[in-house]
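Put together the whole structure using the sequences plus the hints.
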Amino acid sequence: MAWGLVLGIIPLIGISTLLSAIVAFVFRINMGVIQLVNYLVYPLQLLLFVPFIKLGIYSFGANPLPYPIEEIWSRLQTNFLYTISDIWLTNLLGILVWLIISPILYMATYFGSKYLINKISMNKRPEDEVTQRD
46 MAWGLVLGII
56 PLIGISTLLS
66 AIVAFVFRIN
76 MGVIQLVNYL
86 VYPLQLLLFV
96 PFIKLGIYSF
106 GANPLPYPIE
116 EIWSRLQTNF
126 LYTISDIWLT
136 NLLGILVWLI
146 ISPILYMATY
156 FGSKYLINKI
166 SMNKRPEDEV
176 TQRD
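With my numbering, the residue at position 72 of the sequence shown is 117, and numbering never jumps.
In short, the hints are calculated from the structure, not lab data.
Keep in mind that the hints are not guaranteed to be accurate.
Per label pair, the in silico range of CB-to-CB distance [unchecked claim]:
no.	residue 1	residue 2	range
1	S104	L63	23 to 31 Å
2	N124	M152	35 to 43 Å
3	L92	M152	43 to 51 Å
4	M152	V78	29 to 37 Å
Heads up, the beta-carbon is just placed ideally off N, CA and C, and yes, glycines get one too.
What follows is the structure, encoded as structure tokens:
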């Protein structure tokens, strides 16, 4: 779940599914779970795309985007590849911010979900397990 969340919000549209598949294969993680979480956080990826880029510009002291955000969104919809090549440096700065934030987010998600799953498992009564086996 943690990998799906972290990879699902990368500020590079169109790569999260491939990255999730590679991570699932390399680390032998359940492909269905990582992809499901990846797809569920897609709206979050779109929502965080601009803040990651703005934080990257601010953090690394780069020049602001040459276009207003509204124009960038319309350019992405009409000519995706040209727009990406036009703003690749600012996008790269957003990815660097994502790389800095990702380990913290991963750890919080991993340990938080592990705690919740263990808590739910501990609350399960032994007679429930006997009933389920019958």
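Hint by hint, here is what the structure shows:
no.: 1; hint: S104 - L63: 23 to 31 Å; result: holds (27 Å)
no.: 2; hint: N124 - M152: 35 to 43 Å; result: holds (39 Å)
no.: 3; hint: L92 - M152: 43 to 51 Å; result: violated (22 Å)
no.: 4; hint: M152 - V78: 29 to 37 Å; result: violated (18 Å)
Going down the numbered hints, you'll see the structure goes against 3, 4, while the others check out.
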